[in-house]
Amino acid sequence: MARIGVFICWCGSNIAGTVDVDRLVEMLRRVPDVAHAENYMYMCSDPGQDRVKTGIREHRLDRVVVASCSPRMHETTFRRAAASVGLNPYLVEIANIREQCSWVHQGDKEAATRKAFNIIQATLEKVRRNAALEAIRVPLTKRALVVGAGIAGITAALELADAGFETLVVERQPEPGGNVRRLYKTFPFHEDARDILGPRVEALRNHPKVRLFTSSRVTAVEGYVGNFRVEIATEDSVPVEETVGAIVVATGYRLYPVERMGEYGAGQFPDVIDALRFEELLREAAEGGRPVTRPSDGRPVRDVVFIQCSGSRDPENHKPYCSRVCCLYTNKQARLFRDLTPEGRAVVSFMDVRTDCKLTEEYCQRNIEEADLVYVRGRVSRVWQEGDRLRLWTADTLTGEKIELDADLVVLAQAVEPAPGFEEVSSLMRAGVDQNGFFQESHIKLRPVESSTRGVYLAGAGQYPKDITDSVAQAMATASKIQSLFAAEELSQDPLVAAVDPDRCSACGLCVPICPYGAREVDRAVGHSRVNEALCQGCGACVAVCPNKACRLKNDSPEQVIGEIEVFTAGRLES
Amino acid sequence: MHPFATEVQELSGQNLSRCYQCKKCTAGCPTVSWYEWPNHGVVRMIQRGMRDALLGSKTIWMCVGCDTCGTRCPNGIYLGPIMDALRSLARREGRRVPEPAVLAFHEAFLASARRFGRVHEATMLAAYKLKTRDFLTDLGVGLKLFAKGKIPVLPKGIQGKAEIEKIFRLGS
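So the sequence lines, in the order shown, correspond to chains A and B. So the first sequence is numbered by our numbering: it starts at 1 and just counts up by one. So the second sequence is numbered by our numbering: it starts at 576 and just counts up by one.
Since the hints were derived computationally from the structure, they do not count as laboratory data. It is possible that some hints are incorrect.
[Unchecked claim] Derived pair list, reagent style DMTMM-like, types lysine to aspartate or glutamate, alpha-carbon separation capped at 20 Å:
1. Lys599(B) with Asp352(A)
2. Lys115(A) with Glu191(A)
3. Lys142(A) with Asp22(A)
4. Lys598(B) with Asp396(A)
5. Lys554(A) with Glu134(A)
6. Lys554(A) with Glu125(A)
7. Lys598(B) with Glu134(A)
8. Lys358(A) with Asp501(A)
9. Lys598(B) with Asp352(A)
10. Lys599(B) with Glu361(A)
11. Lys402(A) with Glu423(A)
12. Lys731(B) with Asp709(B)
13. Lys142(A) with Glu125(A)
14. Lys598(B) with Asp467(A)
15. Lys445(A) with Asp406(A)
16. Lys358(A) with Asp467(A)
17. Lys725(B) with Asp713(B)
18. Lys725(B) with Glu740(B)
19. Lys725(B) with Glu738(B)
20. Lys598(B) with Glu369(A)
21. Lys402(A) with Asp709(B)
22. Lys633(B) with Glu696(B)
23. Lys445(A) with Glu386(A)
24. Lys549(A) with Glu521(A)
25. Lys402(A) with Glu585(B)
26. Lys402(A) with Asp352(A)
27. Lys53(A) with Glu75(A)
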């Protein structure tokens, strides 16, 4: 017979205020294979954990149930405590009597105590059938792949290469540099984008640890963290296959096409352009020592209207999100334009001015003052041509009036959207995207640079609109994460994964397409299906689909689940 | 910048382009209930060059110049001097003043200051009352102040009267 210990936590008054923890101990002591039961005010505290350790030693416990909060809170805490005194951590289970009992049954102590007892009994059913498991060991290839050679990808690659890890960089364009190549000067110090990018690109090209693939794309990815097999195809040559341990997705952004903004006449009037095009016009003018000229007829531009939030913050027709960088670059562009054309006029149509980076509020306000920029709060509703000039309808919501504006040039601060091809990268890497196509981080606060797939990391504006500062910071964070991954000699993984009973498996193959992680394959040679334990996340889809009940989850077998349900149905469940 | 805005900026010495329309001036203004447009709206209208609307308005005459707005403004813009500039422009252009009593008070105040080098309340109030032909309003308050000796009967001059006269001549 097993010797199970049950440790009941009060969680202060969170549990003990609603559940009669003393009665639980009495009831549990009457269960034949419960060798020890006790309660304590805070079981997760150091003295609480010591009670668990002492209990295991003194009562020679071979299984433990901790009745406390959700396993998401402290499962690891108690498994570690048990392991420290020699008990296999997978023989420890949590009975959640806080979120699923005391918190939702306040005021009914009798019923809550009964339910807590049922939850603990169900967990006892599970732990009785638990097996002692060992963490899965996976070999590790200390080489990285960076997809995309914009400022984020370049930064991540250089950080990794400088740390001594070989890094492959795959860029779709013939040149590295991404969108920063098109920028003129950067906020808030008007440093030339070429001065920022140039040395980094040079370093990338000449680094002995970097292998740069331009005009290339990743065409296949297989495997898992530590052991991805990737295929890289370069124009007009045979694809190469490489093994990498980690992947950085730094695919970046593009501007939402101007043609989608029908009401602004984009695509129809050559003098309605997007902001990246205006960066180029500014550079051409500054380097040619002349004012900015119009794309339509080459005449100098006197009046410019900048339209912010063009395609952003419009959930009905375009993008629901704020593109984050437009407020600042528009302010910068208006400033640089006025510096080149002192007699010109720069009007900025805005809804709000959001300056969320260091020094940018001061920068923005200074430009408005010094360059006399005219900010009009309201959304432009129409742009049309009259003679050889453009006219605009907008409102000044600060005076409540409808107004008309004249312009030689209209610059649209287009929404930032994921660079084309993100769908392909997402499905290759199994890295999820959100409803807008931006790569989804594993946890928005605590795991902001990890994707939904282990070993695949995120950097740059492909995850969400970012300026250079933030892209570089995220790329460096990503490189650090990979370095801590590469610091180990091999990887260990939770063994709570699927297993196959070869005697029952008929090799029907239903488990292969249902697996969301690509962890299943049918081995025709041996005549049954296999589980790639490094890829399996233990979701149980294969268990549900298997017609022969040949698939099972370790320590979560159908017998265990049914045993737990039977506690709650008091044996009324038909088998 | 609109030429009207430049004109007001020069006259008032206030930097209008610093305004980011936070509306704190309006929130603290004790007389905004008598304005056609709130304080922040006035700044915006100047930026937009809405000369006629402003110079003919009641707003510029109802401001008492307490400068609560300027004391609180995060960008250091004082609306008092801006209102002065607007009143001054309205007078120069001979605009109709929608609040004649306020104008009468200003004139009586300035005349008294010019004559004595400082304001003499008794004669200033007499002049104001004669102009507006309203003799009863605030009479009770006036008598109370007089009883407490706050309104001296005879005017007291100052030493720098000549300099004061110089200021008036420069301003007109």
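Hint check results:
1. Lys599(B) with Asp352(A): It holds: about 17 Å lies between the C-alpha atoms, which stays within 20 Å.
2. Lys115(A) with Glu191(A): Outside the cut-off at roughly 66 Å; violated.
3. Lys142(A) with Asp22(A): Cα-Cα ~53 Å, so violated.
4. Lys598(B) with Asp396(A): 16 Å, holds
5. Lys554(A) with Glu134(A): Measuring from Cα to Cα gives roughly 11 Å; hence the hint holds.
6. Lys554(A) with Glu125(A): With a Cα-Cα distance of about 15 Å, the restraint between Lys554(A) and Glu125(A) holds, given a limit of 20 Å.
7. Lys598(B) with Glu134(A): Not satisfied, since the Cα-Cα distance of roughly 65 Å exceeds 20 Å.
8. Lys358(A) with Asp501(A): 59 Å, violated
9. Lys598(B) with Asp352(A): 15 Å, holds
10. Lys599(B) with Glu361(A): 19 Å, holds
11. Lys402(A) with Glu423(A): 42 Å, violated
12. Lys731(B) with Asp709(B): 27 Å, violated
13. Lys142(A) with Glu125(A): 43 Å, violated
14. Lys598(B) with Asp467(A): 30 Å, violated
15. Lys445(A) with Asp406(A): Outside the cut-off at roughly 45 Å; violated.
16. Lys358(A) with Asp467(A): Given that 20 Å is the threshold and the Cα spacing comes to 12 Å, the pair holds.
17. Lys725(B) with Asp713(B): 15 Å, holds
18. Lys725(B) with Glu740(B): Violated, at about 26 Å.
19. Lys725(B) with Glu738(B): 27 Å, violated
20. Lys598(B) with Glu369(A): 18 Å, holds
21. Lys402(A) with Asp709(B): 43 Å, violated
22. Lys633(B) with Glu696(B): Not OK: Lys633(B) and Glu696(B) at ~26 Å, beyond 20 Å, violated.
23. Lys445(A) with Glu386(A): 50 Å, violated
24. Lys549(A) with Glu521(A): Holds: Lys549(A) and Glu521(A) sit about 17 Å apart, inside 20 Å.
25. Lys402(A) with Glu585(B): 28 Å, violated
26. Lys402(A) with Asp352(A): Within the cut-off at roughly 18 Å; holds.
27. Lys53(A) with Glu75(A): 15 Å, holds
When each numbered hint is compared with the structure, violations occur for hints 2, 3, 7, 8, 11, 12, 13, 14, 15, 18, 19, 21, 22, 23, 25.
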